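From first to last, the protein sequence lines stand for chains A and B.
Under this note's numbering, residues 1 to 226 are what the first sequence spells out, in order.
Under this note's numbering, residues 227 to 627 are what the second sequence spells out, in order.
Heads up, a few of these hints could be off.
Stated by the list, open to error - Straight-line C-alpha distance at most 25 Å; calculated DSS-like pairs for lysine-lysine:
{"hint": "1", "chain 1": "B", "residue 1": "Lys333", "chain 2": "B", "residue 2": "Lys445"}
{"hint": "2", "chain 1": "A", "residue 1": "Lys185", "chain 2": "A", "residue 2": "Lys159"}
{"hint": "3", "chain 1": "B", "residue 1": "Lys333", "chain 2": "A", "residue 2": "Lys159"}
{"hint": "4", "chain 1": "A", "residue 1": "Lys185", "chain 2": "A", "residue 2": "Lys205"}
{"hint": "5", "chain 1": "B", "residue 1": "Lys540", "chain 2": "A", "residue 2": "Lys70"}
{"hint": "6", "chain 1": "B", "residue 1": "Lys333", "chain 2": "B", "residue 2": "Lys310"}
{"hint": "7", "chain 1": "A", "residue 1": "Lys70", "chain 2": "A", "residue 2": "Lys56"}
{"hint": "8", "chain 1": "A", "residue 1": "Lys138", "chain 2": "B", "residue 2": "Lys397"}
{"hint": "9", "chain 1": "B", "residue 1": "Lys412", "chain 2": "A", "residue 2": "Lys56"}
{"hint": "10", "chain 1": "A", "residue 1": "Lys115", "chain 2": "A", "residue 2": "Lys70"}
{"hint": "11", "chain 1": "B", "residue 1": "Lys412", "chain 2": "B", "residue 2": "Lys310"}
{"hint": "12", "chain 1": "A", "residue 1": "Lys83", "chain 2": "A", "residue 2": "Lys205"}
{"hint": "13", "chain 1": "A", "residue 1": "Lys138", "chain 2": "A", "residue 2": "Lys30"}
{"hint": "14", "chain 1": "B", "residue 1": "Lys522", "chain 2": "A", "residue 2": "Lys115"}
{"hint": "15", "chain 1": "A", "residue 1": "Lys83", "chain 2": "B", "residue 2": "Lys540"}
{"hint": "16", "chain 1": "B", "residue 1": "Lys522", "chain 2": "B", "residue 2": "Lys477"}
{"hint": "17", "chain 1": "A", "residue 1": "Lys83", "chain 2": "A", "residue 2": "Lys56"}
{"hint": "18", "chain 1": "B", "residue 1": "Lys383", "chain 2": "B", "residue 2": "Lys397"}
Since the hints were made in silico from the structure, they are not lab data.
Note that the coordinates shown come from a computational prediction; the quantities given were computed from them, not determined experimentally.
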Amino acid sequence: MITAENLSRVYEMGKVTVHALRGVSLTIQKGEFVGIMGASGSGKSTLLHLLGLLDKPTEGRIILGGIDVKDLTDRQRTRFRLKRLGYVFQDYALVPELTVEENVFLTSMVRGTPKEEYLVQSHQILDRIGLSDRLSHKHNELSGGQQQRVAIARAMVNKPEILFADEPCANLDSESSRNVLDLFKQINQEMAQTIVMVSHEDWHKRYFNRIITLRDGEIISDGPPS
Amino acid sequence: MLTDLRVSFFLASRGILRGSRGSLYLTVLIIAMVFTNMIFMPSIILGFIKVAEDQIITYQTGNIIISPHGDERFIEDVSSLLEKVNRIPGVLRASAHYGTGVTLRYKGNSIGSTVVAINPDDERLVTDVYQKMSDGDYLADGENDEIIIGIHTSGHKDPSLDMGVTLGYVKAGDEVIVEYTNGVSKAYHVKGIIETGSFYADQGAYITWDELESVFDRKVDYATELIIKTHPGTYEPEVKTMLYRFGIREKVQTWQDILEEAMGRAVQNFSMLNSITVVVSLIIAIVVLFIVIMIKTLNSRRQIGVLKAIGVDKNIIIHNYVFQVLILTTLGVIVGTALVESMVAILTVYPFQFPDGEVTPVVATSDLVNNTIMLYVASFVAGYIPAWQVANEDILTAMRS
Numbered sequence: 001m002i003t004a005e006n007l008s009r010v011y012e013m014g015k016v017t018v019h020a021l022r023g024v025s026l027t028i029q030k031g032e033f034v035g036i037m038g039a040s041g042s043g044k045s046t047l048l049h050l051l052g053l054l055d056k057p058t059e060g061r062i063i064l065g066g067i068d069v070k071d072l073t074d075r076q077r078t079r080f081r082l083k084r085l086g087y088v089f090q091d092y093a094l095v096p097e098l099t100v101e102e103n104v105f106l107t108s109m110v111r112g113t114p115k116e117e118y119l120v121q122s123h124q125i126l127d128r129i130g131l132s133d134r135l136s137h138k139h140n141e142l143s144g145g146q147q148q149r150v151a152i153a154r155a156m157v158n159k160p161e162i163l164f165a166d167e168p169c170a171n172l173d174s175e176s177s178r179n180v181l182d183l184f185k186q187i188n189q190e191m192a193q194t195i196v197m198v199s200h201e202d203w204h205k206r207y208f209n210r211i212i213t214l215r216d217g218e219i220i221s222d223g224p225p226s
Numbered sequence: 227m228l229t230d231l232r233v234s235f236f237l238a239s240r241g242i243l244r245g246s247r248g249s250l251y252l253t254v255l256i257i258a259m260v261f262t263n264m265i266f267m268p269s270i271i272l273g274f275i276k277v278a279e280d281q282i283i284t285y286q287t288g289n290i291i292i293s294p295h296g297d298e299r300f301i302e303d304v305s306s307l308l309e310k311v312n313r314i315p316g317v318l319r320a321s322a323h324y325g326t327g328v329t330l331r332y333k334g335n336s337i338g339s340t341v342v343a344i345n346p347d348d349e350r351l352v353t354d355v356y357q358k359m360s361d362g363d364y365l366a367d368g369e370n371d372e373i374i375i376g377i378h379t380s381g382h383k384d385p386s387l388d389m390g391v392t393l394g395y396v397k398a399g400d401e402v403i404v405e406y407t408n409g410v411s412k413a414y415h416v417k418g419i420i421e422t423g424s425f426y427a428d429q430g431a432y433i434t435w436d437e438l439e440s441v442f443d444r445k446v447d448y449a450t451e452l453i454i455k456t457h458p459g460t461y462e463p464e465v466k467t468m469l470y471r472f473g474i475r476e477k478v479q480t481w482q483d484i485l486e487e488a489m490g491r492a493v494q495n496f497s498m499l500n501s502i503t504v505v506v507s508l509i510i511a512i513v514v515l516f517i518v519i520m521i522k523t524l525n526s527r528r529q530i531g532v533l534k535a536i537g538v539d540k541n542i543i544i545h546n547y548v549f550q551v552l553i554l555t556t557l558g559v560i561v562g563t564a565l566v567e568s569m570v571a572i573l574t575v576y577p578f579q580f581p582d583g584e585v586t587p588v589v590a591t592s593d594l595v596n597n598t599i600m601l602y603v604a605s606f607v608a609g610y611i612p613a614w615q616v617a618n619e620d621i622l623t624a625m626r627s
């Protein structure tokens with residue numbers, strides 16, 4: 001599903017060179033719920049961005065679903081993200097001018113899915129996450145937890161091969177965080193959805209079936225939660 | 227491509243409908259004012275030219291004027307010429323004028339003026355001066371010892387309305403003395419006062435052709451000019467060509483030729499002023515829209531980054547903002563057109579007063595279309611550049627902003 005070989009990412013910040021990732025290699029199989037953990041600055045978000053095609057590695061290569069993404073143009077990377085990947089961000093990142101329903105079906109619209117079809121799909125997914133009564137609400141009429149669930153619905157509506165989540169609970173209280181993580185777990189188990197999630201909260205570990213821990217841009221452990 | 231445009235329009239319409247209302251109203255108002263500015267100035271200039279055209283045709287030259295050829299002072303054998311001209315297709319009627327310099331005297335006031343001899347029956351078919359008698363009546367064929375005088379020569383009751391030296395408020399029924407250059411001095415009964423609004427017509431004085439012959443004490447078969455009224459809808463240059471083809475040797479000019487001679491330079495200057503106004507308006511529109519879209523995109527950098535991250539192509543994002551600008555421009559043009567039409571309606575009821583008459587704005591369809599197209603092009607540029615700049619930003623940089 002995902003193969004990363006010898007990934008490095010170096011940032012030039014003025015005269016300072018920052019090695020965010022140093023030769024990371026890993027493989028993630030379909031259906032895994034992988035937690036990428038580590039302290040702040042360990043390189044976990046950088047790794048997620050590289051795997052999710054939001055950034056390009058300085059060195060190394062990534063193979064997603066059998067495709068070496070290094071050879072893709074920017075336009076092809078955009079299409080790849082649209083058709084095969086899903087994202088959930090820390091701050092929900094809903095489009096403020098769109099309603100819940102519109103936020104969810106936006107990517108389906110971009111994919112060219114017929115209207116009747118994407119309306120049914122978005123209603124189904126919103127029904128599944130318990131927000132079918134909030135279709136015409138705007139983001140500022142929802143709680144943080146509800147907004148993050150809408151973001152998950154948006155990411156899931158096109159049935160992506162891999163769902164990337166970048167600290168999705170960072171802005172949520174513990175109850176909302178639990179609800180969101182339960183939802184991820186449910187999606188992973190019931191739909192065999194591959195999920196790669198960045199977190200720095202120790203108590204999240206019990207939701208993952210594999211944890212990759214980074215320190216100073218290198219993997220220091222990789223395995224099931226202890 | 228069509229799907230992408232549909233998504234762009236979807237995002238744009240939601241952005242407009244659910245974005246800041248204050249910003250929307252203000253932007254539309256500014257575009258409407260810019261559009262009004264682009265249309266209004268040319269409409270006044272057109273109105274001014276229209277007044278000049280109308281007055282030249284209605285009170286001065288008719289549709290076509292024939293004047294002596296080259297250095298000659300008179301058109302000879304004018305009766306035959308009139309007969310010939312009146313037979314030419316497209317000509318409704320021709321009227322001969324004989325203008326001569328005179329001195330007019332009234333109650334101790336005297337001014338130099340021109341008295342024009344006319345055949346009133348012909349003249350009624352060629353000009354509308356007979357309909358513009360503010361006091362008394364128009365002349366009739368065969369009348370002697372009668373004169374009609376323009377208001378700028380007779381003078382107003384309120385002297386502050388006078389535009390120059392006058393006889394000091396002559397009224398119908400008064401008596402004025404006319405001194406001709408041949409030494410004849412004669413008292414005339416003022417039959418009427420002309421007030422057309424045309425400076426040319428309102429500064430003259432008119433007598434009948436019979437009266438002229440009695441002053442000269444001979445038959446006068448020559449004229450200083452011949453003015454021609456054409457049938458409605460006739461294209462004057464064709465009649466001009468026809469007149470030459472019929473052997474007319476005198477100088478023939480259409481009203482367009484006269485207008486070009488009299489106002490060509492003024493029209494050029496007006497056009498230049500108009501172009502400057504349009505360019506300044508367009509620059510204002512570009513700057514305003516550029517700022518509006520720049521602020522919108524800068525405030526939405528993170529959102530743009532997120533859209534790109536979830537797979538929305540940057541062209542969809544750029545077109546979203548371009549559509550927003552085009553929607554704002556459309557609303558601005560609609561409001562601007564309504565503003566222009568309202569101003570035209572008001573100024574039709576309360577026109578601008580100029581020495582040569584009342585000027586009402588005339589909105590040319592071509593100006594409306596051209597300025598609308600220019601505004602759309604300007605808007606497109608103003609919307610595209612800032613959207614392109616932000617949409618081309620690296621995803622993570624945009625998302626971290």
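Here's how the hints hold up against the structure:
1. Lys333/B x Lys445/B: violated, 32 Å
2. Lys185/A x Lys159/A: holds, 15 Å
3. Lys333/B x Lys159/A: Given pair Lys333/B, Lys159/A is violated - Cα atoms ~104 Å apart, limit 25 Å.
4. Lys185/A x Lys205/A: holds, 12 Å
5. Lys540/B x Lys70/A: holds, 20 Å
6. Lys333/B x Lys310/B: Given pair Lys333/B, Lys310/B is violated - Cα atoms ~45 Å apart, limit 25 Å.
7. Lys70/A x Lys56/A: Holds, because 8 Å separates the two Cα atoms, which is no more than 25 Å.
8. Lys138/A x Lys397/B: Distance ~79 Å between Lys138/A and Lys397/B Cα, so the pair is violated.
9. Lys412/B x Lys56/A: Violated - the C-alpha atoms of Lys56/A and Lys412/B are around 105 Å apart, more than 25 Å.
10. Lys115/A x Lys70/A: violated, 34 Å
11. Lys412/B x Lys310/B: violated, 35 Å
12. Lys83/A x Lys205/A: Roughly 29 Å between the alpha carbons, so the hint for Lys83/A and Lys205/A is violated.
13. Lys138/A x Lys30/A: Outside the cut-off at roughly 34 Å; violated.
14. Lys522/B x Lys115/A: Between Lys522/B and Lys115/A the Cα gap is close to 29 Å, so the pair fails against 25 Å, i.e. violated.
15. Lys83/A x Lys540/B: holds, 16 Å
16. Lys522/B x Lys477/B: violated, 65 Å
17. Lys83/A x Lys56/A: holds, 19 Å
18. Lys383/B x Lys397/B: holds, 9 Å
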